[in-house]
Amino acid sequence: MGGASETRTTTRDRSSAVGESRRQLTRDALAITAYALPVGLVFGLAALQAHYSLLDVLANSTIALAGGAQFAAAGLVKDGASWLAIAGVVGLINARHLLYSAAMAPYTATRSRRERAVMAHFLTDETFALALAHFRRIGGFERRGYWIAAMAIFVPWTIGSCIGYVVAGAVDTNRLGLDIAFPAAMAGLSLGMVSGRRDVAAALGAAAIAVPVGLAAGASIGLVAGASIGPCFGLSVPASPNDESSTPDIPEPSSEGGLP
Amino acid sequence: MSVALVPLAFLMWAVTYPSRALPMLAPGIERLPAWAVSYLRLAGPAALAALAAVNCLLTTDKPPHVLVGVEPVAVGICVLVVTRTHLLLPGVTAAVVVVAAARALGVAA
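Residue numbers (numbering that gives the first Met the number 0), protein chains in the order written: chain A, 0 to 259; chain B, 0 to 108.
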């Protein structure tokens, strides 16, 4: 009897802890949603300038679901880059997800392969940041928590992209200065990813390579060169305490000002 | 309505999904050397910085030329605002306002 009572108490404690953590998760998710919608609007605008159709925008945001890389792809499409170059840049930008997935693996190991395969599609920066924090608080996996985290970015990002595209299509984007939104967003997003000396060196090195190579060989080649060589500049300087790249075993992405 | 770029979305998915799925589906694959993990971490800011530099400093004609005008200044203002506020939207809004004002006043094309 005592054992059964203890079990009930433990179950109640666990249930209470999960509920409290889920409330925290929901509050954090709302903050993510609040910025994902306007950033999605900016992507819609960038996509319009790259001559996407609304279906193209919708497909990008739901199938690729790769915020920063979606911006990059839109810029490359606008510059007339080959799809191979676009795939290379997108793959490079999103390679960091390997680290997120690895960090999630211990929590998802008990789930079916099919469920893990579906969950992986939604494993963006924000989903990872929200879900991992939730799992750590409760000491294990919780399906509803994962999907709250995933939908907090997927839904507003997709809706924002489409609204941005439609609204921007109804106005003279050049006269209103909206054509600057894309490079400005890229610069701002890059800043959001910079947290230490190595990040700064990588970003500055990438820009320093991209511009002259772009002048000599075309903008898209400059971009690929900058994106692939830039990290070497970062690796060549000593890490500072703020450098995430100095602690490779513990991926802790910031969800602040980021993208899917 | 054109669907010309829908296959590109699938291509983007094809190069993104393995990074998201492989370590969860095939544990052990994530055991990369430390330098490779660091390189992957640095690739994000590097790619976006390269993109920003190319788009605000080079013209879109072929061959491209260095862009002189209000646009690089506006991007710089965006960077300053984002640095201060840690929010993207106010920075982008400031850049758009600067460019729109300059064009309305006839000081930028």
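Treat the hints as calculated values from the structure; they're not laboratory data. Among these hints, one or two may not hold up.
[As the list claims (entries may be wrong)] Distance ranges between label pairs, derived from CB positions:
1. B:13 x A:143: 47 to 57 Å
2. B:68 x A:16: 51 to 61 Å
3. B:96 x A:143: 16 to 26 Å
4. B:0 x A:14: 44 to 54 Å
5. A:33 x B:105: 46 to 56 Å
6. A:18 x B:89: 15 to 25 Å
7. B:2 x A:236: 24 to 34 Å
8. A:216 x B:13: 22 to 32 Å
9. B:34 x A:14: 36 to 46 Å
10. B:96 x A:29: 23 to 33 Å
11. B:105 x A:23: 24 to 34 Å
By construction, the Cβ of each residue, glycine as well, lies at the ideal position given by its N, Cα and C atoms.
Okay, the hints, checked on the actual structure:
1. Separation of residue 13 (chain B) from residue 143 (chain A) is about 29 Å and departs from the stated range, judged on CB atoms against 47 to 57 Å.
2. A hinted range of 51 to 61 Å holds for the C-beta pair residue 68 (chain B) and residue 16 (chain A), which are about 57 Å apart.
3. In this structure the supplied range 16 to 26 Å is violated for residue 96 (chain B) paired with residue 143 (chain A), their Cβ-Cβ distance being about 42 Å.
4. Under the hint 44 to 54 Å, the C-beta atoms of residue 0 (chain B) and residue 14 (chain A), about 48 Å apart, fit the expected range.
5. Separated by about 37 Å at the C-beta atoms, residue 33 (chain A) and residue 105 (chain B) break the suggested range of 46 to 56 Å.
6. Between residue 18 (chain A) and residue 89 (chain B) the CB atoms are about 35 Å apart, so this pair departs from the stated range of 15 to 25 Å.
7. With their beta carbons about 45 Å apart, residue 2 (chain B) and residue 236 (chain A) fall outside the hinted range of 24 to 34 Å.
8. Restraint check, residue 216 (chain A) to residue 13 (chain B): a C-beta distance of roughly 26 Å satisfies the suggested window 22 to 32 Å.
9. Hint check: residue 34 (chain B) to residue 14 (chain A), Cβ distance near 44 Å, so the stated range 36 to 46 Å holds.
10. Look at residue 96 (chain B) against residue 29 (chain A): about 28 Å separates their beta carbons, and that is inside 23 to 33 Å.
11. Take residue 105 (chain B) and residue 23 (chain A): their Cβ atoms lie about 52 Å apart, and the range 24 to 34 Å is violated.
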